[in-house]
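Enquirer: Residue numbers 1 to 304, in our numbering, belong to the letters of the sequence shown in order.
Hints were generated in silico from the structure; no laboratory data involved.
None of the values given here were measured: they were computed from a predicted structure.
Keep in mind that a hint or two might mislead.
Unchecked claim - Cut-off 20 Å, straight-line C-alpha distance, at most; resulting in silico cross-link-like pairs (DMTMM-like, lysine to aspartate or glutamate):
(1) K273 with E229
(2) K281 with D248
(3) K273 with E216
(4) K273 with D82
What the hints assert, rightly or not - Now the in silico label distances, taken between C-beta atoms and shown as ranges:
(5) A221 with Q28: 20 to 30 Å
(6) D82 with F235: 23 to 33 Å
(7) V290 with Y185: 46 to 56 Å
(8) Q167 with D231: 44 to 54 Å
Just so you know, even glycine gets a beta-carbon here, dropped at the ideal spot from N, CA and C.
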Amino acid sequence: MPFCGGGADRVTEIDRLLEQKPRLTADQAWDVIRQTSRQDLNLRLFLPTLQAATSGLTQSDPRRQLVDTLTRWDGINLLNDDGKTWQQPGSAILNVWLTSMLKRTVVAAVPMPFDKWYSASGYETTQDGPTGSLNISVGAKILYEAVQGDKSPIPQAVDLFAGKPQQEVVLAALEDTWETLSKRYGNNVSNWKTPAMALTFRANNFFGVPQAAAEETRHQAEYQNRGTENDMIVFSPTTSDRPVLAWDVVAPGQSGFIAPDGTVDKHYEDQLKMYENFGRKSLWLTKQDVEAHKESQEVLHVQR
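Could you build the full structure based on these sequences and the hints that come with them?
Expert: Printed below as a string of structure tokens:
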């Protein structure tokens, strides 16, 4: 599998928030998870290119309408009340456009069979949602540097546009996007309700090896681009006399115990809603806190 470094990476979305406010409270730091978990990763990268390519088109041109829709969007994916569709079709637009752009540029420039490694837009997923965290695809990273041209810090030794003006290729991919999505959702972009991605806590691990029964799979309607465990530690907090404060959330729960009769532990899936709502729970680090919050105690006597 190819990997690619450069100016396009998911971490930039986190860096951007931290640069806006270098000093954060614990609550503000935790909220970075919420803000970045719903952020489309390609909008910031390619919107300037799309705007430049369509600036001379009339507002009635479908390609301009697609880009105007992206321009009005903040890049945050939020669910509709139906729990199945996005409030805004931005990611669907970028998915189809990127797929077409990659086919016309990066994929066309790479010989078979390696070309297929660069065709993914980064939005592809199974019915149950992604199997891990999403990042900008390798092909999209290469395309991003290509559209920067001379502004890219990476010398562009290969003309991915095959001698064609960049604008021509961008507009052709937008035409593909309009044809695909208008057939699926109609001619009024504001009415498009595109499918949202789900989040599934799978019974298989990331190697595909079963580690639980299939019926133990758990679903969440909204995919959140984050780890399934989030932790935060504050040293020398000004809001407490304790030297350290800590929180975490570990979905679905911190106990995988199932009794022989099928009864699951009470902490088996009690953090699903906490996770879905970007909540967290305190970790008790001092003897006093442990004593105050313990649910049970068992003493082991060792015979010597």
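Enquirer: Does the alpha-carbon distance linking K281 and D248 stay inside the 20 Å limit?
Expert: Given that 20 Å is the threshold and the Cα spacing comes to 6 Å, the pair holds.
Enquirer: Between A221 and Q28, does the beta-carbon spacing fit 20 to 30 Å?
Expert: holds (27 Å)
Enquirer: Taking only the CA atoms, is the gap from K273 to E216 under or equal to 20 Å?
Expert: holds (16 Å)
Enquirer: Given the hint that K273 pairs with E229, test it: the Cα-Cα distance must not exceed 20 Å.
Expert: holds (13 Å)
Enquirer: Is it true that Q167 and D231 lie within 44 to 54 Å of each other by Cβ?
Expert: holds (46 Å)
Enquirer: Is 23 to 33 Å a correct range for the gap between the Cβ atoms of D82 and F235?
Expert: Given range 23 to 33 Å: violated, Cβ gap about 44 Å.
Enquirer: Do the alpha carbons of K273 and D82 lie within 20 Å of each other, as the hint requires?
Expert: Within the cut-off at roughly 18 Å; holds.
Enquirer: Given a hint of 46 to 56 Å, does the C-beta separation of V290 and Y185 actually sit inside it?
Expert: holds (55 Å)
This entry does not satisfy hint 6, going by the numbered hints stated previously; all others are met.
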